[in-house]
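Trainee: So you can see what is in the structure, the chains are spelled out below.
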Amino acid sequence: MAAPETSTAAVPTLYTNNTLRNAFGGVLSFFILLLIGVMAFSIRLFSVIKYESVIHEFDPYFNYRVTQFLAKNGIYEFWNWFDDRTWYPLGRVIGGTVYPGLTLTAGTIWWLLNSLNIPLSVETVCVFTAPIFSAFASWATYLLTKEVKGTGAGLTAAALLAMVPSYISRSVAGSYDNEAVAIFALIFTFYLYIKTLNTGSLFYATLNSISYFYMVCSWGGYTFIINLIPMHVLLCIVTGRFSSRLYIAYAPLVVLGTLLAALVPVVGFNAVMTSEHFASFLVFIIIHVVAFVYYIKGILSPKMFKVAVTLVVSVGLAVCCAVIAVLIALVASSPTKGWSGRSLSLLDPTYASKYIPIIASVSEHQPPTWPSYFMDINVLAFLVPAGIIACFLPLSDASSFVVLYIATSVYFSGVMVRLMLVLAPAACITSGIALSQAFDVFTGSIKFQLSGASSNTEVDAAETSSSTAESQTDAVKTEKPEETAKNRPSRKSKKKEREHGEKPSTKAKAEKKRLLALPLESSVISLLLLVLLGAFYVVHCVWAAAEAYSAPSIVLTSRSHDGLHVFDDFREAYAWLRHNTDVDDKVASWWDYGYQTTAMANRTVIVDNNTWNNTHIATVGTAMSSPERAAWEIFHSLDVKYVLVVFGGLVGYPSDDINKFLWMVRIGGGVFPHIKEPDYLRDGQYRIDSQATPTMLNCLMYKLSYYRFVETDGKGFDRVRQTEIGKKYFKLTHFEEAFTTHHWMVRIYKLKPPKNRIRGKTKKSKSKTSSTTSSPKRGGTKKKNPWQ
Amino acid sequence: MDAPIRAREALGFILFSLLFSICRSSSLNHLLISNAERRIDLSSHIVKVYLTLKVENAGSTPTSEVFLSFPPTQVDHLATVEALVTKGKRKKTTLVRLDVKPTELPDAPNDAKYFTIYLANPLKSGESTTLEVLYLLTHSQEPFPAEIAQSESQLVYYRDSALILSPYHIKQQTTFIKTPSTKVESFTRVEPSNRAGTEIKYGPYEDHPPYSFSPILIHFENNSPFAVVEELVREVEISHWGNLQVTEQYTLVHAGARHKGVFSRVDFQSRPTLNGASSLRYLLARLPPRVHSVYYRDEIGNISSSHLRTDSRKSELEIEPRYPLFGGWKATFVIGYGLPLQDFLFETSDDRRYLNFTFGCPLLETVVDKLTVKVVLPEGSKDPSAVVPFPVEQHLETKYSYLDVVGRTVVVMEKKNLVPTHNSHFQVYYTFKPIFMLAEPLMLASAFFLFFVACVAYLHIDLSIRK
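From first to last, the protein sequence lines stand for chains E and Y.
Here the first sequence stands for residues 82 to 869, where the numbers follow my numbering.
Here the second sequence stands for residues 393 to 859, where the numbers follow my numbering.
Calculated from the structure, these hints are not laboratory results.
Using N, Cα and C, we set each Cβ at its ideal position, and we do this for glycine too.
Where hints are given, some of them may not hold.
To be verified - Coverage of chain Y stretches by chain E, computed from C-beta distances (three or more under 8 Å per stretch; other residues unrestricted):
no., stretch
1, 438 to 448
2, 647 to 655
3, 692 to 700
4, 828 to 836
To be verified - Below, in silico cross-link-like pairs of lysine-lysine (PhoX-like), each with a Cα-Cα straight-line distance of 25 Å or less:
no., chain 1, residue 1, chain 2, residue 2
5, Y, K446, Y, K563
6, E, K153, Y, K652
7, E, K812, Y, K446
To be verified - Just some of the chain E residues that point at chain Y, by a computed CB distance under 7 Å:
no., residue
8, E133
9, V135
10, N198
11, I199
12, A413
13, R652
14, E653
15, F820
16, T821
17, H824
Just chain Y, with the same shape it has in the complex (with noise of 0.2 Å):
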């Protein structure tokens, strides 16, 4: 719909930063990039992005920061940027990863925004390295047509550049777009471009400056159901008397292309492959093993159609929703399960105790726009800190749960635009004094006492006034 304006904001861009990039003098320029390789896989609803920069230090003072640039519209949708190093000799080639943090480059052309890789060994002159670099994009496959009927399709169109946006010179770059299928209805040619099978192939190009860009749009099939979770709350409450109990609460949407018109509910079961093909009919969600009291249910009760499988390494949950989701339609419910709590509770060697927990969301191929994850610490506990691998929004929060007297500590950490990827562990560091376990068994006991002692009392006192 506003492609016509996109692509002329697009050529508006390029011209632009031609002629900044010509009039341009600046530090970056002593960094050049021999080859690059970029492979997108557009498979499922969460755009993956591997790039592969040879960066060669032409200039005469070593560096050890390396940018990467992408468009403002890129940005956005951006969950992820992960930068990898080859070390070693030819067999023995280990990767490490490096430290990847967003940068405000003060001139930067058309707004276009950058990452900083920041490498381990300061890269002198002449010399040069392979990064790889990953890099994740939600929301950026746009339903064409918008609304689609029962038996049709998901078509989606992708939208990128032909050319590399890098703030470097680029001797040669190749981009590889590899579709779910091979129908794939048009893509923008910018020749040497060819198709074969499910992969688009454009490239190799040679020699272009810095800021190149050449807007593609392809527009093929993509029936991989949309699933996003518009906003999950994960709740973690540790009980030292041995569990760990996780509430997750989602709301779930099909964003690709809205259903239209008529559900047929004797088309959709008599010929499941044709109707309904982007429907979102199951998700998987990997828990850890050793879950127990698994439930899963909504604002209305249970539902039912759901299948645990544990092994000792992991277990999945298979959830279906009530109802198939169409593109557009919306579902909530709550997955709840407990935990050993040896699994995932520490001490360190000054005495305090940390938890080690997965930040993300536990459902596969499900971007999160917005999540919240509640750490809810013991009462009693104190000096709550968080070591979260990515940066993340935090405070604290006081929750009253069972008897509570001076309530909990919670630990709030909110991240938006998720992917799985973000799965790894965070760590949240807290003093604990055993004794306050007791504070609440202790205060039914007293309690009890207290009322027996006032029965007690009220059978053996004479309150009348007569004698």
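The following block holds chain E by itself, in its conformation from the complex (with noise of 0.2 Å):
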């Protein structure tokens, strides 16, 4: 907690003339750093400490359940999964359709943990996955910031991210997802990017495309890389900044980094082929132009230049037109663009909720709200621009990419809140920045201020001590105007003519700190208003942490006078699942509850969390949105034993089946247009009272949520919707009630098996049940079930 304000404490140490001084900076940074790490590990911790070491929410349950295969069975089972016990009964090949990397990663820990005989449980190696994995980020943050603008932006920047709200609420212990190991990955990529930029090693290059092939390993989110950057050079190339430094850090990406992306198998053939990937190959052709156009400049003769330049021209024009226009057609003549469905919701925030309601049904696809973004990143909000104008102070290759960063994360966060995690680490990085330097300024001048009348040396010494950024920005700025024309001096050079330059340039910098500098009252106040805010910050991320992101969700609590209520239903009823049914039952739910099915109660489920079939999905939406026969006649024809519905009417809580229940109808109807949305709505309201509409209460899921509830307090009062229920008193024909759990939370329900035929009576019933399920209005039964 205290670490930004040390970290600042130790800028100054740094980059003195004197070497032992140096290095007591570099030990002191660096345990500030271990410290951040420390920190950025146990503020994670808070689940573990106040509910228990477990999974928590879905995804991570699939995740769990996949390492959990993969330690079994080993790496090359694991590619070849085929899953039977979910997607019933087409299954899913999970190798094949799983971004690997987080598995991969936790196996890869377990086993080495394993081989050293210590002897953890994939499940505890799975938990603290994302801890660990934070701390990384942290310091992969150090080092980018670092490459940005020096040391000390770098530590304030780390110690920022270690505890930023948006990245605790996906990386807590126990929220084994993707973007636990994806947000390292992303800045990781970024900072090799950037310090290949900087020193235009192909090391580095190489390192960048291996970490890149990570983030494509481990998230879907790698796209925002592959945009990015090419956005980034494209950038450079338009303001004049293009080195050979750019060229090496951005080729070998896009070749060897398209190479290995194309390995992952989930992503195959989509790394040449979607046009997320566009992009960057246009870039690529762009990049190579320009080096060309530099080269040939280099050899020719200004006027033999312009004739050459006239002639490219107008045949490339003619060409490139050609080209455009058939890549054009080619794209167009996708319905998609060539987009993925996700993607296109970033660029179209209203196309999820016009066309694909099944990702518009999720929260986390939905925009943010002012208000969270005070939550999620709290005073970073306010220090961003200032971070920016930093950067703008100079901008160099590297701080123009934080810019570009920053801007383009604000778009995207503003269309998903779940891509607020990818805003939080260029706010963070910013603020780092901005933070940094007003400390720099404010001690530089109080400093100023105190040693005012002595002599001019000191003066020096405390200026180039106390800033650590501006020593090396202003060896760019005097650099500047020679290199404007022609390539900049690598990196290394550029170091040494530092050293040289720094001698005489110092002189005349002091005088212009002393214009800059402020009266000693006002930065004193300044500094303590700055040290509130990060106060601020550090009290409200703890909060955060502890309250706000901790909970697992698959166990809640609530606290009341008469002390602690744990309410452990969802466990309460898999564990009955996976005792007491068979092993080879299915079980029906709606998707949400499809991972913890499979994962906790090991049973054969329709439809999960991996929402790749939308007709599936149609299929029990429209199941639970019919009367009891005919979703009684679609759950037994995709061999359903059991259906479970979550509850929340007895005990108050709120994200239960009935009030996702429209979804369930939308994304039904969508498949199967005999379900329509208005015949659930009563003027427009959805409402399950005794206005509600004679669809809604007879509706499969009206039935199971309600099933003698009106026995628990003799009115059947729904503490979520605040209201009696419409119809009290109803007996289930085709379901029996199996299991229910202590809160009611969870219902399971069986399938009643098929009545016996009457030899005779056969044909007759057939035709009369037939007859009754094939209403007029519903139009066909054909289109109801495809699996019949």
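Both chains come to you apart, so use the hints to assemble them.
Mentor: Set out below in structure tokens:
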């Protein structure tokens, strides 16, 4: 917590001519980094301390299950894994449809520990993967920011990232999701890109490709990298910052990175086929053209060059037009313009709600509200503009990248709450720069004011030591005029140059500094205010980590006057399913609970959180919104034995199936048009009380949720909807209650077996059932059930 | 269901045994039982039989062996047989435990199985002694009907013989059967027999020859939950740093009448005595005193419904399974706890150490079908040997735990069909040199040392080709 303050204190000790002090500064910043890592790890342990060491939420359960499989069966079995316990009867090829980075990481850690005879369970490793990687991520942030604005800014940014609530929300212990490792990979890839850009080293360029490969393995968000870096390259070219270092930073990344990305089964040929990757290839061509032009320019005389330009431009334009026309035609021929649904909803925020209800139905795909910005990045939101300004003073290749990064991620976070996560590192980096620069200015002016009367040399020492970034940027500044036309010298020679140039330039700087110095009082007050701001941030982050983001969501607690209540109903139901049903029984539920059912109950599910088959989900949605008999037929044809519904009406758990029900209707109705949303709404209002429509009161979801609910309190008062339910006394004819948990949060029903057919009556009853199910209003049974 | 078949079998058995006993001349015949009283306690699902035998030596040679015989169907369910003899006169009688061992007799009628009680002092001709025998039967109450709905209560059959099966002539015998409630549907009458309250009395019967058998069937209500642990693995890990870590993995099943049809939570919650009367709601585990870091979880995480009560003499852990167990329902869970080592580990005079720990399952009133006790000795310990008061299968394993190199020796003991009376102490002896305790810290220290040395070396080595 004290890291931001200490880090700035460490800054002055760096970059002195005194090697001892330099070494001391290095050791100090090493320990600060170590502490930042420890803090990043330990702030995420609230969930383990307050609850227990358990996997959280939905997707992590799937990842956990995959990791268990990997640990048990090895890597080759993992690649070939066809999972028949989900998406029954279709199944799912896990090896080819999953981003394997997280699983392989945790699997490797587990294997390593076990080969050292440290018998940690797979679950423990999975729970603590995210905190470990957030420590790595804060170190990567340090490296990245250090490349941009020096050590001081790096340490500040690392400390900010270690506890930024947005990132904590995705990486608390137990939140075993792709993002946990992906954010580290993202920042580290950016760092290596900047490092290559600054050094022009092919070694770092290769590392960059490998890091990019790890990112591709880990998360679908890798497309952000492969679009942002080309954008930055393009920006550099347009602003006349093309250099051989830029070429080395970019070209190997595209070639190696694309080749490596294509190795990941889930990406495969998408790495060259889809529009998400198109920008990188376009910029790849452009950078080659630019490099070629610079080369020609170097070997030709200016006059010849002009001739060549006109020749090439006229020919080139014609060729380009042709190529672009072909490309546009190709892209336009595909219905989604070559973009995946999720990417499209990023480009057009209204796309998902219009066309893909399944994406829109996920709460984390909704646009965020203003309070969520304050909640997730807190004071960083105010520091970001200052940081952007600091990035422009002066603008280097690296700082322009940071500006571009923050600008794009702000847009993306505005589209989807989930992408707030991408914004968080950018916000931390810019805020780190802002804070560190502000501290530099204030401490510098305090020092100047205190030693104002003393000799010039002392001032020099104070200045050179006070600002890390300053000296670097100044050096850049001094070089700038000469280097606008030609390529800038490589990093190493630049360093040397700076060392030489520093001595004479200090005098001039001292003059300049004197003008910039603030009055003593105001700088002290400003310093105090900044520290106060930091303290406020720390308090908020700890609160967010402890209270807001540590709940594992499978076990709920509530505090009331008579102590702590634990609602462990989900696991109660899953444990019941696991031990008391046949191992091959199929369980139908809304897709939210698919991953948990397969992982915790070890039972086959019809649909799960990997929403790859919209029709299948629509079938379940249709069954849930159909009357009992029709629903029974759908479920029976899917070989379902148990139906699981989540019901919060008794204890007031708001995210239950009744509240999600309209999405089931919408998704079901999207494929099977006889399900119409207006049938479930009374005057456009969704209600379950006595005013509800008969379709609503007779649908399966209503019946399974409220079956015998009225007997609990005599009235049937639903605590979530705050009303009495509409239909209180009814019987189930095709389902029977198999299990209800202690607080009624999960209710499991068993499908009754079909009635025996009586010989001779077969024909009659058959015609009867068909006539009852295919009422003319519903528009044909054929579409109703795709599996019959 | 198979009651008639069994009855027929039993009838055949009697005829055969009668026939056999007539034409039989054996060394057994010189003993006879002048008076036998049997009390069968059916109040829980573990059947407790207290047998008081007054044995008389009618032969001419002194003998020190008394045989008990059991029908083969009962032997499979027989968990334990204990025998005590009363010593001393009148006021100051003391009970002395006697050795009991299963025995094979070559000419056993109809596969009857035997246990031999070894008397401390041979019974001389004409003398008599009183033996107190206790044996426990598991899985001997058969639910009938085999499937019940939630609101029904659990009815069970108990089969036995009105006459004590014995290789000896019994002059007089009486059997008392105690049922858990007064609700008895039916019982076989073998005159003189009568029922009063929760007790059914058979007898007294006079002068029955050896191997007399008269099958009886009692159909009664038993709503006690039939808690059966199908498999229990107890792992006791000794750490000479002062901790004894116990991990117990349970597979629990309700072995009573299977649950049929609907489970209604509203009925279960509103009328708990009527609905699910035989369901298993909680279990009580009696743990040693000074227990610490107790956890109760299963494969998907912590189970929050447990209470621990500790005092200086014992600790009681009350655990609820995640869901109430109805007949046929299963649950698995793990209980783990740590104990101070000095309470359980002692040194012998010859510098060996031994662990003194309880063998059986700490849950009260449960049957364990299969128990595996694993004692993990610290790394570097030698010559393990286990002393268990009853026969168990033993073998050794090796386990690798935190940073082990050679592995830890594990003494594995297995036993089937256990009841709470098996909770007696067993000892595992081994030798251990305290220097081995330092092996792992030293290893870690040297690993770090080497790492730093490597770092220093790396920083001082210039590997570049060009100078």
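Trainee: Now tell me if each hint is right for this structure.
Mentor: Here's how the hints hold up against the structure:
no.: 1; hint: 438 to 448; in the structure: violated (count 0)
no.: 2; hint: 647 to 655; in the structure: holds (count 3)
no.: 3; hint: 692 to 700; in the structure: holds (count 6)
no.: 4; hint: 828 to 836; in the structure: violated (count 0)
no.: 5; hint: K446(Y) to K563(Y); in the structure: holds, 10 Å
no.: 6; hint: K153(E) to K652(Y); in the structure: violated, 37 Å
no.: 7; hint: K812(E) to K446(Y); in the structure: violated, 65 Å
no.: 8; hint: E133; in the structure: holds, 4 Å
no.: 9; hint: V135; in the structure: holds, 4 Å
no.: 10; hint: N198; in the structure: holds, 4 Å
no.: 11; hint: I199; in the structure: holds, 6 Å
no.: 12; hint: A413; in the structure: violated, 50 Å
no.: 13; hint: R652; in the structure: holds, 5 Å
no.: 14; hint: E653; in the structure: holds, 5 Å
no.: 15; hint: F820; in the structure: holds, 5 Å
no.: 16; hint: T821; in the structure: holds, 4 Å
no.: 17; hint: H824; in the structure: violated, 9 Å
Of the numbered hints given earlier, the model fails hints 1, 4, 6, 7, 12 and 17; all others are met.
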